[in-house]
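Q: So you can see what is in the structure, the chains are spelled out below.
Protein chains: 2
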Amino acid sequence: MTERHRVMIDGNEAAAYSAHLTNEVIAIYPITPSSNMGEWADQWSSEGRTNIWGTVPSVVEMQSEGGAAGALHGALQAGSLGTTFTASQGLLLMIPNMYKIAGELTSTVIHVAARTVASHALSIFGDHGDVMAVRQTGFALLASGSVQEAMDMALIAQTATLSSRVPFVHFFDGFRTSHEVAKVEQLTAEDARAMIDDGLVQAHRERALTPDRPRIRGTAQNPDYYFQAREASNPWYEACPGHVQAAMDRFASVVGRSYHLFDYVGASDAERVVILMGSGAETAHETVEHLMKAGEKVGVVKVRLYRPFSATHLLAALPSSVRSVAVLDRTKEPGSQGEPLYLDVKAALSDGRPSVRLIGGRYGLSSKDFTPAMVKAVLDELKKEQPQQPFVVGIDDDQTHLSLAYDSAYSTEDEKTVRCLFWGIGSDGTVGANKNSIKIIGDDTDNYAQGYFVYDSKKSGGLTVSHLRFGPKELRSSYLIGQANFIACHVFTYVEKYRLLAQAASGSTFLLNSIYGPEDVWDRLPRELQKEIIDKQIRFYVIDAYKVAHETGMGVRINTVMQTCFFAISGILPQDEAIEAIKRSIKKTYGNKGEAIVKKNYACVDASVANLHEVKIPKEVTSAFAMKPAVPAEAPEFVRTVLGPMLANEGDSLTVKDVALTADGTFPTGTTQWEKRNIAMEIPQWDPETCIQCGKCVLVCPHAVIRSKVYDGTLLEGAPATFKSAEAKWPAFKDKKYTVQYGGPHCQDHLRPEVS
Amino acid sequence: MTERHRVMIDGNEAAAYSAHLTNEVIAIYPITPSSNMGEWADQWSSEGRTNIWGTVPSVVEMQSEGGAAGALHGALQAGSLGTTFTASQGLLLMIPNMYKIAGELTSTVIHVAARTVASHALSIFGDHGDVMAVRQTGFALLASGSVQEAMDMALIAQTATLSSRVPFVHFFDGFRTSHEVAKVEQLTAEDARAMIDDGLVQAHRERALTPDRPRIRGTAQNPDYYFQAREASNPWYEACPGHVQAAMDRFASVVGRSYHLFDYVGASDAERVVILMGSGAETAHETVEHLMKAGEKVGVVKVRLYRPFSATHLLAALPSSVRSVAVLDRTKEPGSQGEPLYLDVKAALSDGRPSVRLIGGRYGLSSKDFTPAMVKAVLDELKKEQPQQPFVVGIDDDQTHLSLAYDSAYSTEDEKTVRCLFWGIGSDGTVGANKNSIKIIGDDTDNYAQGYFVYDSKKSGGLTVSHLRFGPKELRSSYLIGQANFIACHVFTYVEKYRLLAQAASGSTFLLNSIYGPEDVWDRLPRELQKEIIDKQIRFYVIDAYKVAHETGMGVRINTVMQTCFFAISGILPQDEAIEAIKRSIKKTYGNKGEAIVKKNYACVDASVANLHEVKIPKEVTSAFAMKPAVPAEAPEFVRTVLGPMLANEGDSLTVKDVALTADGTFPTGTTQWEKRNIAMEIPQWDPETCIQCGKCVLVCPHAVIRSKVYDGTLLEGAPATFKSAEAKWPAFKDKKYTVQYGGPHCQDHLRPEVS
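Top to bottom, those sequences are chains B and U.
One point on numbering: in UniProt numbering, the residue at position 82 of the first sequence is 82, and numbering is uninterrupted.
One point on numbering: in UniProt numbering, the residue at position 594 of the second sequence is 594, and numbering is uninterrupted.
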């Protein structure tokens, strides 16, 4: 038996791994956050990686998800094992084909990185709106809650679809699971071979449409026949849950991890239970274990198989002691009495456990963070005589008053788990470096490790926050870090913009990329930051990463510098080992680009350690200035009250009433003028001496913030001394003056000095 | 106030009428059974018909339903009042846009002739699978159960969408309502003006995206904002049911017909109640009234507004005496515990009326007829201690045993209602003539009238059965005629193929188009038909319609002949008046084709009456032959047991087990060889004398059943005398013989003598 390796990968790669191993035709069309599954499959096939039957899966990119679904349907009807990957609107475009694929009892798995469906606004982030929109198609729905599960369930779904002939949607939470990098045990080809029954593959092939055994499929049926034929498929759906459990059981015997249609975690005498699916179930699991230690009689039911819905199995999973249940749905169907999982559990309990009190609520729409504090709030609500029904959790609904209050200070983080936050700027290499760091930690230590990366939509130049966790304990924390041991800020100007240390735990470490050295930096920090450093007794380090990068020939790429400092300070690995590991990783990444590049990076690593300095913390706040408001006081009210907090990375604090003006997705225009991103390293200057007054700078500026003017010299009377001007060089304008000016919000938006 | 006219129209025309009156942009793409709505709107606009604001709606046909939804979304965002019409897969393609339209709180109504979504097989027929697939989009769903309601609810939906800002799907049952011709009171433009509030129209316009008042809609939102903004729409959905009831109340005060979100009909002390929506609710209404006369404590709740689902209003509609409820869903979602309406009612009752026992079942998939007998079976089931849950009704499920038995002889037809059945052949003019007849009856008498037309999928040459009802009592019978007073068969060969009189009531009338006269016809009927005529004491008439048509210059078009005979025998109108009405109708239809055509038709009418003969019925069955089996005994088992009953128009009798082999939609090939349609009026003959042996007949035969052969004359030794041959005319084949033969199933499939 081949040994299983521990690998640091994300949920997309995990699911694509199992899918590529067990399919022959992979029809793809990219859509966030599922695209990487298709990219991985495409790459592996282009590299000649084979499936368990020794053939290289054919990966075909279609013109849309409609085409991908059609290609999949065709491949399946030709007897191939086929799959596709999608999300959100992409899945919606597959719906017509999905009814057909299911109606024809065709074995296939569609892997979905579940994403919000665009409504009042588009969102690329995650919730279950897309998979819930296909629950009526006849596909089975199987949920994964973690990266490991994404790999495991992908294989279990493939196994069960072959034995049950019911097609599957296997889904996991977009971004939270699809983009979380975590340490997982990689299944082997032998595992897949042990799961997949070749006899069933052969049976699938024999159902193909082929001229060798002519049959018709896809007829039209009339009122005389259709209804009976539709009911004729009942036995397959009745048997499907059994096939899934059988696949899970086989998986347990082959691999060792044990799953059930509904997995209960919690007190055997639990009185209060939450029911949910996806990554939130992992957070609930962690929270329940934490509350149980405090003696609370609580539990969680993780829904794995949502369709076909087996009320029998759900009821069996629920301890007989349970008195009240809250169902959590990560979707919203306006106009419904309750969300889909709630309605299903309602029907099941009202028949099987009518005395259990049931409430239902929404959480985590569009990747709204779902924390242990929220799980606790829901479980606490169940203690009440009159719990809120329906409820929402995770926001402040001060309009329809559905929200549950929660204590954001509540934390279930394990003290042995190291938690690190990195504030970076899109395209500065911070995220890449952190992915690299967490892979080093995962690969080179016995620690469990997890990396999650928050981007805003501005991409290059936008805020990035990397969340790394690692430690000896299994990680179920599918939420952002609330209490960090280590915080790094890779962009100095952030000190005035963001509450960088809001998540800092007492006694934690702060690393700042600063052009100011250990002696000077303190007075360059705003009062709020100074106070937080002092109050939380934070160890504070600075490095002038741009200087180190520049001096070691790395240009503006500070990722290697900051990564080295992280390892140097954090002590995860002995410093020598860490340096060694970083250098190995550099060799691996840049080895094919030549020795010179590798050496330059090595030099950068060594220089980073040399330039890292601890700052001695004064006892008092001394700064002469405060943090800047995100937008100026003269901005319109909407900009101040709504966009301001969003720009300050505090949009989560907006209440429903705050945003009610935009309920239908309508926003005022012209608001970017109030957004001063202030992210430029250097500011352009006009040099009147060398300027040939060609005007091209005005022409090419993409943001149209460079303006030039020819004017009468008398207008310069009383101008400030810093106001620059030159003689106009055109014969037509002799005796006139010429000035180039620049301004506006975008003038400072350039990160890279060479383009600013 | 303009007087309202009574008109004979179908549900598509009824809905399109209200839609055209209250919209400005109509984006269309045709799909059965909704196409006619678009066709009507297109025709009316091309004729310059205006909406209530005096403008002609712009009707634009797009490249698909995806395009139609996009065009609609765009028109709405530009401030226009817009609509579209669709069904089935067409509606599925609109889903992505529907989420956006609803998310943006945009006023619009999409009118849907609800149709089955293709699964194991395609079906053009009706159920609620398509509208249920959009229940999560945020659209409101409003159901109509009759042609009158299709017109009324279309206007009520338009009114409510403007006041509520929630977009609506207004739906009615495909074919059963969309294609049923019924007498309705046509709303006037004044009615529409009284319903639509121009202030709300103005408000809709002011929400348009326009450079004059720049705003942004369609942004991307991130985890910080999206969830709060999604919840911010709650007030609109909470208010929506109130807006719908207000629109219904306004409609009642303007027009007089009163509707509610849930309309209860039945005993005030009802103990057993069915809940359903669409045309089936009308049949349930009729059945409940019938059962109440027998003292049964039963009732029906007609669901009008399905989304937003108002549990409060449902509970209020249900009498406090109710002990058990059955929810009937016209859709199937494999893998669900119960269908959508059932789950909703389950949640509502389990909170509001927990002691009521609830069961749920499926009926009427793909236009499976839903009769009073089935309603009664469901209400009877509710008497049991252990009613079947879940159940299906209308088929015999001998596999998973979900079906309720029902007494197909049970009838609630009113004795004052005349019920007529017409057996015709696709393209013979029977359906057209019957539509014409029912319009004459509806227009020229005070009777309520209804026409419904059953086609098979073979279109030209396939079976058509027209179902006409009329009488003094309001018609709620949204099911096929089970007990007919008058039966006409327009195709003589049907006497051996179909049980033409299976639905004949005792003492009813039978009109047969027969080349055999009143003296000769009896012995040309199979024993089964003779027995049914004698047993049911049927009055039997014959006419040689082809002869009359031929002799009066009508060619093979027998519709006028048969229509005349129907009026002549049935006595709906005094014969003179009827003849007069038919001639008026001829004048209207053919007037623009010249006097000669009109006169020819007049002559045909007169000749028809003269050639109509009553047949004297012997006391005994005398026929020497029986009905032909649909397929020969030597056909394969599947052909005999499954296709045979379908060909005999008895496919409804197939059980689930019978069709279980085709559960995944897979059929054997080559089965049409067993189908002898035997519908040709004349059979082709080869005339060796005149044949020039050009071979073109072989070349052009579309079914390739004409074959020719050159062969040695010695082979003719021992040939039967009827075997025809000729000398081969080619020099290369001198001394050889030549024969043309024809055969195969399609040889007799030609209806029209001139092409056979």
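I should point out that these hints are in silico values taken from the structure, not numbers from a laboratory.
All values derive from a computational prediction rather than experimental measurement.
Check before you lean on any hint, since a few could be wrong.
Note: identical chains are not told apart, hence a pair may lie in one copy or across any two.
[To be verified] Here are the simulated DMTMM-like pairs of lysine to aspartate or glutamate, each with C-alpha atoms no more than 20 Å apart in a straight line:
1. 458 x 224
2. 657 x 238
3. 583 x 263
4. 587 x 407
5. 416 x 580
6. 439 x 185
Q: Look at each hint and say if it fits the structure.
A: Hints, one by one, checked against the model:
no.: 1; hint: 458 x 224; in the structure: between (57 Å within a copy, 14 Å between copies)
no.: 2; hint: 657 x 238; in the structure: between (46 Å within a copy, 16 Å between copies)
no.: 3; hint: 583 x 263; in the structure: neither (43 Å within a copy, 76 Å between copies)
no.: 4; hint: 587 x 407; in the structure: neither (46 Å within a copy, 82 Å between copies)
no.: 5; hint: 416 x 580; in the structure: neither (25 Å within a copy, 98 Å between copies)
no.: 6; hint: 439 x 185; in the structure: within (14 Å within a copy, 74 Å between copies)
Violated hints for the displayed structure, listed by number in ascending order: 3, 4 and 5.
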